[in-house]
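We have chain E already, so just place chain A on it with the hints.
The lines below spell out each chain.
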Amino acid sequence: MDFTTGSSSHGKDHHDILDMVTADMDFEQAFMMYNSLQQKQAQSSIEQLQKVQMLNQSYIPETDHQHYGSHDFSDHRSQILNTQTYPTSHRFDAEDDEDDDMEEHNEFDQFFSNTEANALDSFLDNLTNSTNPLQFYNIGGSSSHTHQELPIFDLHTMKEQQKVSVDHENLRQELTDAFSHPSLKGLNLNSGSSSSSSSSSSLSSSTNINPHNNDSDMLTPPSSDVESKRFRSGTLGVIDGTPIKKKRRSSTKPLLSLEQKRLNHSHSEQKRRQLCKLAYQRCLNLIIDIDAFNKLPELNEAERKSKRARINKEGLPNLSKHNALVRISNEMLLIKGMNEKLAQLIERS
Amino acid sequence: MSSGEEERTPTGRKKTTKSSVLSEEQKKAHHIASEQKRRENIRSEFDKIVSLTPTLTDSENRSELNILTKSADFIDQLREENIKLVELAKLKGIHVPSELIYNGPTSDGSDIAK
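Protein chains in written order, with numbering that gives the first Met the number 0: chain E, 0 to 348; chain A, 0 to 113.
Source of the hints: derived by calculation from the structure; they are not laboratory data.
Hints are not guaranteed to be accurate.
[To be verified] Here are the in silico distance ranges between beta carbons for each label pair:
id, chain 1, residue 1, chain 2, residue 2, range
1, E, 313, A, 33, 20 to 28 angstroms
2, E, 332, A, 97, 55 to 63 angstroms
3, A, 103, E, 272, 26 to 34 angstroms
4, A, 27, E, 117, 49 to 57 angstroms
Ideal Cβ positions, reconstructed from N, Cα and C, are used throughout, including at glycine.
Only chain E is shown next, with the shape it has when bound in the complex (with noise of 0.2 angstroms):
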């Protein structure tokens, strides 16, 4: 850019000049700007990892909770899609709790990896499925009282609910497996029938009609988790001491033992070969003269006739397996021979 205007004139330099010092300009504060961009950027990153660790450092309750939220927001999509005969308080609170519910969602909503958002996706499809809101609507239709078209469907919601623990210990497991902690699963396990027998128990003690009521019981599996944490976290040290040591039972055994195996069988080989070697010496020996082989001379190239080196890296004959092999028999029928006609000789006399 500078050649080509440079050579013009004197005038258009100086303006080139300035051009450049006004892009400098430029490209200073775009850099400041760069700067200050990648800084919030990283600050934002920072922050956004510290708010994963808050996660995944309190992700099991999180995650209830979470559950809890999108239930509670599925559940009241369902009414919401199924109510005219409902009361229009209850409805409000609904709503108001599936705004709440939202914003959980929303907030938590980033956080999700894809294994999680298609376990809720899965588990909130069942819940809208499940619930067939023209059985629904009939069985609201033929009881015009609102107290008595209540305890029928607080009795599905406790239905919803003991389907919630279980597909709220499934959502656990993937969970689980997910971060995979070995060590956490029996606990896990046991958190989970836990807050499922909560849930049993709170389905057996909420016999009365009273949507409050529910509301409250609902409230329960976190409470649960929030114990089951507590106990995790107090039995850490216990707990965690027993499955490493397990853990390197079965991984320690295993590989020192292919170790060994490998050295096994590394060794035995060895072995075979060292063998194998040696008996082959030893038919060499048998076979050709060593002590004259090794007084020859050696071959001037014009005698050699073909590539193959008469002598092999251990000083030894350079034979084929099977021209060695040749040998060998040749060397066993002329002592036969021999031997043979010796004792013809011996039997004629």
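The following block gives chain A in isolation, referenced to the frame of chain E:
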């Protein structure tokens, strides 16, 4: 053949490469065939040694170590037999021709590279 290839080169490279590929394939086939031949020769020699050596049975005709060990044993045994027979003949006052007395391997390996 080479002259024919040289004639083809000005007309087009494809033909020469094709012919070279073919020759490569031929080389490969040749190599495989000769390797099979070599192995077959070794196998036949193994069989021969097994048939010669009384301590070797047909079941161990593919065990190189067994064959080498037992054939060496057998040669040693034959050598001892030779010595005993020669002694026996001498004891009986029989003249033993020198070609019937085994004096170790006659080959010095000078024919290996030829």
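Each hint, compared with the structure:
1. E:313 x A:33: 20 to 28 angstroms: holds (26 angstroms)
2. E:332 x A:97: 55 to 63 angstroms: Since residue 332 of chain E and residue 97 of chain A have Cβ atoms about 19 angstroms apart, the given range 55 to 63 angstroms is violated.
3. A:103 x E:272: 26 to 34 angstroms: holds (27 angstroms)
4. A:27 x E:117: 49 to 57 angstroms: The hinted range 49 to 57 angstroms holds for residue 27 of chain A and residue 117 of chain E, with Cβ atoms some 52 angstroms apart.
Hint 2 alone, counting from the list given before, is not met by this structure.
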